[in-house]
Amino acid sequence: MVIKMKEHFYEAEMVKQEIAENKRLSKRGFLDTRDISMELNTLLNADGSCIFTYGKTKIIAGVKILIDKPYPDNPDEGSISIGIELSPMSDPSFGTGPPDETSIELSRVVDRALRESKGIDWKKLCIKEGKFVWMVYVDMYIMNNDGNLFDACEYAALAAMKNARFPKIELTEDTCTIVKGEYENKVVEFTNDPLLFTFVKIDDKIILDPELVEEAASNARFSIAITNDKKMVAIQKGAEGSFKIDEIKDIVSIALKNYDVVHKKLMNAMKKK
Amino acid sequence: MVKNEEWYFDQKGKRFDGRGQFEQRPINLKVGVIDRADGSAYVEWGQNKAVAAVYGPREMLPKHMANPNKATIRYFYRMAPFSVPDRKNPKPGRREIEISKVSGEALSRAAELEQFPNTAIDVFVTILDANAGTRITALLAASLALADAGIPMKDLVSGTSVGKAGGKLISDLSKHEEDAPDAVDLPIAMLPNSDEVVLMQMDGPLTEKEFNEILEVARKSCKEIKDMQVKVLKERFKDDFNGD
Amino acid sequence: MTKTIVVPGELISDKAERGSGIYTENEKTYSKYLGVLYQGEDTQVVPLNGKYTPKEGDQIIGMITAQDMNGYILDVKSYHMPYVHKRSIKTELKPGDLMLCQVIGVNEIKDMTIDIQAKLEDGILLNVSAKKVPRVIGKHRSMITLLEKFSGSKILVGANGNIFIQDGKPSIVKNALEVISKYSHVDNLTDKMNIYLQKMK
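Protein chains in written order, with my numbering: chain A, 1 to 273; chain Z, 274 to 517; chain G, 518 to 718.
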């Protein structure tokens, strides 16, 4: 995350000292991810919700599934919309006013990971070709920021969507309306659960799932989305530093190896609640 | 038991959701939920859920907005797009701006702002889930967050909402009751120690007798809710530490 | 033993008392803060959280956040950001630099005039709420001595809650500061931290 965190600059020095000794402040291994827990569908006005905790990072994701007109070039396909609000409530470095480049990058990377996985069958989001399709809105708030908002938001959005229910509708020739408070026994289906993995580079070492102070210590970021058939579906390199080709190859193979571990964590957390 | 739009009380006088006439929905309070804020709190009131964060007192920007005599509380009440049955446009609407204004004014009476001339105290509240009564849910969270931030205050701001539906005076209207044809909603916030009312809004008709009666109910509720606020603030510091 | 915690508006006494962190109304005394109550000759409520209130003579640590033609603006975790003129400093500074400063004057709006004493380099900045600084220092510096012993670091505590650490194991200090902040209301904290740090070793 390229949030300007001058106040963390000096703590970052401590992170670098630890990293130089092959250690992390949190005692995690370089390639270990944090614990995941979640509360699903506790927000009753949302069609689905997930209060998602990744270590100390906490995201609130709410889903609204609405009827929309399809785009003329895809008359039988619905769509999703990902919005992430870096509310000034959550962090003193988040400003008021319209979304800045940081929050736009974050939303778009999360959106790409979910969209490009082709895990959603857009045609299943069609109600009536050329007239009515489903639009799935996922809006997210950062409740506590302890780094790696990319992965946390992506996991939160995925979990929220997978547990969101479609509203019941009344469909006639020309109208389509939502029946308030009633739901179909149908959720947003993801066939291949795309998961995002974000790495940062601190000095010459690469770590997975950085905390806030680790982000402050880093100079380059690499996010990669993987599906359950072990395909890469989206990539974003961020921040001012760089990666060598070999480092990128390593990152890819680490992400692929980590998929099953994190997927299991996520599914277990989902089952618990 | 017939459940239709017109149904507000059963034969025993219980409300549609099983509550008594002056019974509030369950309230759940938590302090210290956002590490990076100077003070924060989370409040659940029935289905309503609000999270509040306080930053400050800090330098007022832009500078010409600063008051040379005291701090200015800037209150931002916002509803998440998924917090209501229809998706709400994320852009703040006129309702949110009005609620922000009266809520900020309510807190300003409680806080000792003269200690911090030329500064801003920013209070951000986000509603995550709404079912009538969110401005009071938000204000309770904000008041806790303000105390948590170490801002000097005359008293905690406590509040409730009372009113009328289905021909009877009631406490804490739910959305169903708020939509009654004869509904009256009267959110109220007080400084319970001094019996001062710091926020009051009403829509709907009441007689003077009804108004006086329901006001007494509200006053009693505010005191009860204040006891809950006091308890949760103290609970944060009840843990002992023996080096383990 | 934990101390008595009071909340804003809490009745402390049925008669009007003198002290700080309190107010009186109708011959009764109430707390202004969420804080710890001390009742002796004076009644005192010491807030558990809050920004730094500048006091003349205090030594504080600030970070340069911005500069203009004539000087620098420092963040000192207070209500205002003090400004220092370039002509009073010999070396060129840049945003992000840490400065050891002394408060030489406080005006009626709690804005302060500061004198820059030194630039702090080759160390790590941590911070606690300014209200917890007395606990971090301890009686006769007992807590600092303890932390220095266990971490092998040199610790400089600014009255504003910014803490500068050199050498040794700053991560031990960071962890200890989190514990001290959390349990600042507990009695005999230095002894208990001694046990805690032994165990963590």
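Hints listed in this document are in silico derivations from the structure and should not be mistaken for laboratory results.
A virtual CB, placed ideally from N, CA and C, is assigned to each residue, including glycine.
Check before you lean on any hint, since a few could be wrong.
Quick look at which bits of chain Z chain A covers, simulated, 3 or more residues with Cβ under 8 angstroms [to be verified]:
hint : region
1    : 308 to 322
2    : 351 to 358
3    : 391 to 402
4    : 452 to 458
Evaluated hints:
no., hint, verdict
1, 308 to 322, "holds (count 5)"
2, 351 to 358, "holds (count 7)"
3, 391 to 402, "holds (count 6)"
4, 452 to 458, "violated (count 0)"
Violation of the numbered hints given earlier is confined to hint 4; every other hint is satisfied by the structure.
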